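Q: These are the residues of each chain, in order.
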Amino acid sequence: MAAESQAQVAGQGGPSHGRRILLIWLILAIAGDLLIWFALGPHLPPGNMTTTATEEQGAIKLMSVLSAPVLVLVLTYFVYAMIVWRRRDGDDEDGPPIHGSTRVQAAWIVGTTVIVLALAVFGTVSLWTSHGAGAGEGPAPIWNPPGAVSTASAQQTPWAPGKVLQVQVVAQQWRFTFRYPGLGGFETTELMLPEGQWVQFNVTSIDVIHSFWAYQLGVKADANPGVNNVAYTKPTQTGLITVRCAELCGLWHGAMFDYGKVVTLAQFQAWARASKTELASVTSLLPPYATTYDSTAIKQLGPVLQKLGLTGAGGGYYPPQDPAQP
Amino acid sequence: MSLPVRVGTLLVAFLAVVGGAIFVVIQYFLAGPVVVDYTAGVTPGAGQQVSIVLQEDPQNTVTNHPDWVSYFIQDPKTRQWVHTTLFRVPAGATVHVTILGYDGCTPLRNPFWGKVTGTVGNVEFVNGKPTSVLNSYATCSVGHTFSIPSINLNVPVASPTTLAANSNLCGTSPCTSGPHTTVTFSFKAPTTPGDYFWQCRIPCGLGYLDGFGGPMQTIGYMTGQMEVAS
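As they're listed, the protein sequences go chains A and B. For the first sequence, our numbering begins at 1 and goes up steadily by one. For the second sequence, our numbering begins at 1 and goes up steadily by one.
Just so you know, the hints here were simulated from the structure itself, not pulled from any lab data. Bear in mind that the values here come from a model prediction, so they are computed numbers and not experimental data. Hints should not be assumed to be uniformly reliable.
[Claimed, not checked] Below, a list of computed lysine-lysine pairs in the BS3-like style, where the Cα atoms sit at most 27 angstroms apart:
hint : chain 1 : residue 1 : chain 2 : residue 2
1    : B       : K129      : A       : K163
2    : B       : K188      : A       : K261
3    : A       : K234      : B       : K129
4    : A       : K163      : A       : K234
5    : B       : K115      : B       : K77
6    : B       : K77       : B       : K188
7    : B       : K188      : A       : K307
8    : B       : K188      : B       : K115
9    : A       : K276      : A       : K163
10   : B       : K115      : B       : K129
11   : A       : K261      : B       : K115
12   : A       : K163      : A       : K261
13   : B       : K77       : A       : K276
14   : A       : K261      : A       : K234
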């Protein structure tokens with residue numbers, strides 16, 4: 001029995017295990033990939049509400065399609081070996097020695113190298129074409145959509161359809177607020193976006209480090225005090241948005257979430273007009289718009305506050321040039 | 001080692017482990033601020049009303065953190081002030097809130113929170129005067145805030161306004177005298193039972209990272225929960 005097994009493994013007169021495994025793997029891999037692409041793919045996160053979400057979903061689909069055959073190969077070999085090369089009754093001999101195969105090793109190295117390099121190229125192209133794929137690109141992004149602007153004065157230029165909509169995301173324990181500098185500079189707790197328009201998120205924090213994660217938009221950018229972290233997206237469908245903080249930020253981090261909407265252009269413009277009017281009384285109290293949020297920029301500290309020795313908000317602000325804290 | 005000694009040792013060790021576990025459960029999981037119950041005698045549902053009374057103090061002389069600012073809640077039965085920030089209201093009830101602001105003024109980190117939202121009429125009454133926005137930078141006007149983010153409730157709690165008052169704040173908690181401002185407002189409790197956290201948005205945890213540590217992150221001081229009961 002042992003000699004027979006050894007002969008079979010060595011391919012001396014036995015069935016061609018390699019061909020069997022290859023055939024089983026090929027059938028399962030093709031079936032798995034078709035299922036992933038057509039059945040599972042459309043349901044993979046984060047959906048396809050925006051250009052960036054669609055790009056991310058496509059990347060996850062591609063990664064799944066590429067990795068599934070590898071998983072199937074390992075499992076096929078594993079199950080095949082357990083069934084075909086299992087120990088028989090009365091067989092107490094050692095298995096045949098295994099020798100390295102230069103051809104197999106070379107094929108493995110070349111194959112995996114090609115896959116990794118191809119994915120690197122795919123990822124880079126994807127970042128380029130989707131203008132950062134919804135990730136925070138820092139204060140000086142390099143994958144900008146046409147019309148994106150970086151200075152505070154340019155971001156305050158009145159917005160019109162076709163231009164990049166500027167939205168400042170202000171993170172604070174434990175709520176996000178959103179400021180629209182091109183729509184009169186009002187700040188609100190509602191994230192409202194127009195369908196079919198490019199959006200530039202300028203993400204910052206006024207206290208500790210948070211992370212702005214708008215799941216359905218496929219946007220995720222860290223919110224750091226004193227830093228403007230820019231991310232882009234273009235909504236292609238109307239619908240609800242869930243915003244969560246993705247950086248542990250204190251006692252109520254788990255409750256730091258918000259909801260928003262992507263609406264039609266007409267609905268967005270109506271909402272913007274109403275919000276500007278409704279929030280006018282508090283908009284006049286906000287600090288001048290800047291790409292980061294510095295409440296010490298407010299130059300109207302009252303006489304009683306000054307006499308009390310106060311120079312700004314309590315607790316000390318987190319100056320960009322000096323992150324050290326007491 | 002004899003059998004009785006071994007059995008005795010085993011029993012002692014067993015009791016020590018069980019006792020330690022009980023201590024941990026009591027000390028860290030069961031101990032904590034009490035919940036002030038405003039549901040007694042109130043039938044849940046629309047049309048029901050409860051009145052809750054809080055005060056915020058510049059210090060806290062009833063705990064081992066005397067320099068931490070703190071809220072207190074008045075027990076509706078005994079009228080005694082309780083050092084807690086947990087309270088229970090009926091689902092769907094109209095909640096009438098009175099906050100006695102004994103602490104002095106501090107500018108808001110984000111002036112946006114100077115706007116009253118989520119109350120009936122989006123208004124609060126400062127010493128009886130209807131107010132919808134407080135400018136915490138131009139005048140000495142805001143001591144703390146009372147905010148429940150999940151129902152978009154934000155109320156800047158007014159402070160004593162004059163230099164003299166701010167230099168002579170109440171020094172013993174809970175405060176019963178001294179300069180203060182009375183803020184009243186009403187809001188609708190959610191119809192869905194659950195715990196809704198509330199917080200202050202003034203960075204009043206002096207000495208901590210950006211003022212948002214210590215009392216700002218500790219239940220029983222400047223943050224807590226509103227328990228909505230079915």
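Q: State for each hint whether it applies.
A: Each hint, compared with the structure:
The hinted pair formed by B/K129 and A/K163 fails the criterion: a straight-line CA distance of about 44 angstroms is larger than 27 angstroms. Using a Cα cut-off of 27 angstroms, the hinted pair B/K188 and A/K261 holds, with the two alpha carbons roughly 24 angstroms apart. The hinted pair formed by A/K234 and B/K129 fails the criterion: a straight-line CA distance of about 46 angstroms is larger than 27 angstroms. At roughly 11 angstroms between alpha-carbon atoms, A/K163 and A/K234 fall within 27 angstroms of each other, so this suggested pair holds.
Restraint check for B/K115 and B/K77: not satisfied, since their Cα atoms lie roughly 33 angstroms apart, outside the 27 angstroms limit. For the hint linking B/K77 to B/K188, the alpha-carbon distance of about 22 angstroms falls within 27 angstroms, and the restraint holds. About 39 angstroms separates the Cα atoms of B/K188 and A/K307, which puts this hinted pair outside 27 angstroms; it is violated. Restraint check for B/K188 and B/K115: satisfied, since their Cα atoms lie roughly 18 angstroms apart, inside the 27 angstroms limit.
Pair hint A/K276 plus A/K163 holds up; C-alpha atoms about 19 angstroms apart against a cutoff of 27 angstroms. This hinted pair checks out: B/K115 and B/K129 have alpha carbons roughly 15 angstroms apart, not beyond 27 angstroms. Our distance criterion of 27 angstroms between C-alpha atoms is met by A/K261 and B/K115, whose separation comes to about 23 angstroms. Restraint check for A/K163 and A/K261: satisfied, since their Cα atoms lie roughly 19 angstroms apart, inside the 27 angstroms limit.
Note on B/K77 and A/K276: the hinted pairing is violated, with a Cα-Cα distance of about 45 angstroms set against a maximum of 27 angstroms. Of the pairs offered as hints, the one joining A/K261 and A/K234 holds, with about 13 angstroms between alpha carbons and a cut-off of 27 angstroms not exceeded.
In terms of the numbered hints stated before, the structure departs from hints 1, 3, 5, 7, 13, listed from lowest to highest.
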